[in-house]
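*Asks:* Residue numbers (the numbering used here), protein chains in the order written: chain V, 1 to 355; chain U, 1 to 355; chain P, 1 to 355; chain B, 1 to 355.
Do not take every clue at face value.
Claimed, not checked - What the simulated footprint calls covered on chain B by chain P, stretch by stretch (three residues with Cβ under 8 angstroms from a Cβ of chain P suffice, anywhere in the stretch; the number is not a length):
{"no.": "1", "segment": "58 to 66"}
{"no.": "2", "segment": "121 to 130"}
{"no.": "3", "segment": "309 to 321"}
No lab work stands behind these hints: they were computed from the structure. The structure displayed is predicted, hence computed values, not measured ones. In this text, a Cβ means the ideal position worked out from N, Cα and C, and glycines have one as well.
There are 4 protein chains.
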Amino acid sequence: MSYNSFGRVFRFTTWGESHGPAIGAVVDGCPPGIALSEADIQPFLDKRRPGTSRFTTQRQEPDAVRILSGVFEGRSTGTPISLMIENVDQRSKDYSEVAKAYRPGHADYAYDAKYGFRDHRGGGRSSARETAMRVAAGAVARLVIPEVTITAWVEAIGGDAIDPARFDASEIDRNPFFCPDPEAAKRWERLVDDARKAGSSLGAVIACEATGVPAGWGAPLYAKLDSELASGIMSINAVKGVEIGDGFAAAALRGEDNADAMRPGEGAPTFLANHAGGIAGGISTGQPIRVRAAFKPTSSILTPVETIDRKGNAAEIATRGRHDPCVGIRGVPVVEAMVALVLADQKLLHRAQCG
Amino acid sequence: MSYNSFGRVFRFTTWGESHGPAIGAVVDGCPPGIALSEADIQPFLDKRRPGTSRFTTQRQEPDAVRILSGVFEGRSTGTPISLMIENVDQRSKDYSEVAKAYRPGHADYAYDAKYGFRDHRGGGRSSARETAMRVAAGAVARLVIPEVTITAWVEAIGGDAIDPARFDASEIDRNPFFCPDPEAAKRWERLVDDARKAGSSLGAVIACEATGVPAGWGAPLYAKLDSELASGIMSINAVKGVEIGDGFAAAALRGEDNADAMRPGEGAPTFLANHAGGIAGGISTGQPIRVRAAFKPTSSILTPVETIDRKGNAAEIATRGRHDPCVGIRGVPVVEAMVALVLADQKLLHRAQCG
Amino acid sequence: MSYNSFGRVFRFTTWGESHGPAIGAVVDGCPPGIALSEADIQPFLDKRRPGTSRFTTQRQEPDAVRILSGVFEGRSTGTPISLMIENVDQRSKDYSEVAKAYRPGHADYAYDAKYGFRDHRGGGRSSARETAMRVAAGAVARLVIPEVTITAWVEAIGGDAIDPARFDASEIDRNPFFCPDPEAAKRWERLVDDARKAGSSLGAVIACEATGVPAGWGAPLYAKLDSELASGIMSINAVKGVEIGDGFAAAALRGEDNADAMRPGEGAPTFLANHAGGIAGGISTGQPIRVRAAFKPTSSILTPVETIDRKGNAAEIATRGRHDPCVGIRGVPVVEAMVALVLADQKLLHRAQCG
Amino acid sequence: MSYNSFGRVFRFTTWGESHGPAIGAVVDGCPPGIALSEADIQPFLDKRRPGTSRFTTQRQEPDAVRILSGVFEGRSTGTPISLMIENVDQRSKDYSEVAKAYRPGHADYAYDAKYGFRDHRGGGRSSARETAMRVAAGAVARLVIPEVTITAWVEAIGGDAIDPARFDASEIDRNPFFCPDPEAAKRWERLVDDARKAGSSLGAVIACEATGVPAGWGAPLYAKLDSELASGIMSINAVKGVEIGDGFAAAALRGEDNADAMRPGEGAPTFLANHAGGIAGGISTGQPIRVRAAFKPTSSILTPVETIDRKGNAAEIATRGRHDPCVGIRGVPVVEAMVALVLADQKLLHRAQCG
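Just chain V, same shape as in the assembly:
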């Protein structure tokens, strides 16, 4: 178990830096015989792609994925699937300041403390660019779990939340914010614009729901479904909080209010609520899986912040370069991908143990 792999039997490994020649992923353990081509992956990458609106970074990356192995005559062979995206629009010179001084909140100082030096160009390995490969791997994972539908959206930006009463899933792909509430989407245009113009950035909350997961995936403890999801989602750049079901709100409830009461149903029980987010005792119950993730605001901002340089002297840093004013927005397809990757792995693990 190494540092850049995730999963137990359906497993992927990513590599690459923001300003290196390419980024890539190796997906291992994929079942054989699954119809797979670049066209199954590209739409998810396009959803995450930078430069598509003024609310995301202006870096222009086609993010065209290539499958280099593991597929023969249009089907997965069961051997490792190598995915690669060449980096196109690097402007490394933008980062000369980052080489010298540390951006507060960013990985700069911690990387130097750990490794002694770092690839500072565009954040190197710590760049959110890595998440493109999670999205690509996640597209493969989705094919392993065709019974499951995964949808994520932005629930709040900079503390301004959607109105659950206005939730409309069909709106999510109609605005640049993956926002299911059209009124919130309008407010966010101005909110994000203002932050961008002010050289600032905003945090966001992403919610994700997976329907179609049968009862029985997961495990009692260290691979419990909650824990695997938390691990996967917390491993995304900028995420600092994860909730399953009601999460922290459940901590304020009484037992009888938090209980997801059951009634007899067709084939499966009918649940009267879903406080648990579709997971009880670490194992799926057949209800929709519900997860939320907190994305902190982008650390690379134009607003000058007090810091130190590599020699330990006082400095001030204002990060030029092209950055997302709200990195959480493009986190939506990434959260979906991680949920898909966890569920594909759990499906295969369940099959291993329970036949």
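Chain V is fixed; fit chains U, P and B onto it per the hints.
*Replies:* For chains U, P and B alone, kept in the frame of chain V given last:
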């Protein structure tokens, strides 16, 4: 990586059910030469032990731990350390109802869906009793990281939070709630008593701080320190949310407000804030590590709840047996243990890669 | 993946020292619903048990196994199965010499070099006593693969081999050597007796065959069936060589002689030979799996050998204590167990990926 | 732990097929700050490269490796190192027969049995072409263990062995067989030529020695150095046997003859023999590590062999295409690479546990 193990090079495996003859853990990868005896572990178990006040379950378990291997002449040998606690006070007959019908919110239904049947006595493997072995393993982990001090406390019960202005660490061990705010502790006496008498239960929020972690532990992505902590803490029974640093609150901040600005300091920089909870880019910064966990209310309650039985018929269940009215309280030493276990593993991993 | 665990999804962890209070194993990932009690395990332990003839160590150990978890009402629950054997007949005083000086060929010097000190009593963790737990775990593994029959035997002792023409499987359990050739068994009585009386020891070659493995278990490369078997068998104390099928003899063959030609058969092809030992490209072919293991002679011998003591001074050592004159003999049930453990794991892995 | 990765903390994953666009490896867990460029890797690939003499396959592959990540300004950054080689000289049409019928001894039948279909072009994933990436990853591993020198050679071809008395390490790179005995090299010219012309193939035995390994690397049992080496080497295509030290010959020795007696030495003991191959109790002793591997003869031969086709009908197959008459020869740099990869991993693991 299997279902009942945790960690990468400092690794432990737990086994045992609530009403079996014993529970245990195997701690593997412990460095040799560490002074270790039962006396190093027992105090942490005593802190978690049931039956010590009317605010926890009345099951009487001495929880006396035995070391069965891996220690010779008072020191760890580098080989696996086997820890065992015999179960003493089982009253399996209390659980006849649980055998027949599913407690909403509990693992009962999901276990049956996954495994086809289950050990229903006291919740079997899904019982919080398993956490005793995490506490025991965590006590060993603490000896691997003597430079680190870990302290957890209850921050809120049933939605009633402490006043941060009254935080006093020395109060934590002076009340049955691990509460650092004496006024909140008084309120909670009544709150928990009322819930207990009403046959209900309450959720809780636990906070934990680890000081003394040097800059550089962790990894950029899938083993990032945030992700390892989230995985470990979310694997604890009843936990449904995890935050690192400001967590969800960070999602409402602007970039300049979330930045932990730095100034030149002695040996290490002086940080002006710690929104990131001591972790940037997945790697420790040298600041205190800060984590929070949301515990849902205990699912086993006396208040009757609508449910189904094993045959799918409508039923109502009121769980007799002895249960914690607020399982989060005894979660305090468990959260501390998981943080210790993650940090011990990360220390050794850092040493492996960075010498 | 830690130091004392083996397997990927069907996984076990052993713990314990030769002269500690007990030894044990945790079997994790076992499918639920399998009928399992101590009576399924004990016969295999009895086969390996010391003190049953004058050709093995005279240590008297009943090796009575207890199941401490993971089984409810006679069936596996899918949660970890904890197995424990209490040590009964330790005579630690026999080992005072071993504490001071290093037995050549034994782990003594290497342990001190690695860990700085060691539990010298009976070899501590390096004792072949650990293999009892492999046998116990292997008995569980056999229940996971009821379609497979595994049989091992001794093929040679001290260079004196059986005559393949006289191979009779029904003889294996009729002599104290697990020898399928009754004439060889007679010769070995004298051979082993002479070595024992001379204070010497003998090496042995063990062969093992598993029939009933369907085509398709295994993987192309790093988890190829050959590699998993080699890893498992080479991890047994005293083993220094492993062969699959013809092994080293295949290196002397020409391609057309080594080819296992195929003819049409019922359901599966008819193979005209089995040079490959039932594995091609890392994957089972449906033929019998054939493995061989070389056990070196026991390193603990009465014959004095030149060595150094812990301080680096010249010394001579003659190991008293009770030792097997030919540790390979009792390796027979251990090799069977490791083959069972590998195959159970591979069966579940195959099911995970290929449904 | 998935199917195409190897190692625990210094870990690599390979991908790619014989006739796909490229093959590659991701090396994860490499320490930071190591000087590394393509020039450090290419010489080892050149040693393994096909088409360099008439004794290897005539496929012309420049095997030019590119580093795509993990290196910045000439030094490893501590993040994953992606290595890629583009395939140049594929002639997939040569394999139309292989698509239809199974080569006995090859992976063809087993792959179809497992996956339902296969990429037949050049053997797909089962091609020895994959070993190029082990050699590339191994070149990185060597930089992690500069204290170790690893040398492999061919010890026998088709049963014709070198004369140990004529062993001369400086000869190894002076002939196309990596043969340390010039007289044997001369004999092998004729032997291999004859086999090639006859449309046959030959097996080989490879020996490898690693000097400079300090005492203390390894682990007592499931990650014992013998076991890790056996696992790694047995995972190489065509290998069917592995020996550590005297291997099977040790099984014919008496205890006192197999003992590697010790005398006081400078800093470390002086060993009077090395039957154990530098490993006792799973841990290195400071002596040279000695390993041997048996390579079976290439399964793809021109000599017609009886077989069945994909539909189960009787057939005969003579494999055209370009194949090594003795695949063991090019196994020499591959064995060296696997030994380097195991030792690098073990060095870091030892550092993790023992500081």
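*Asks:* Which constraints among the numbered hints does this structure fail? Numbers only, ascending.
*Replies:* Failing hint: just 1.
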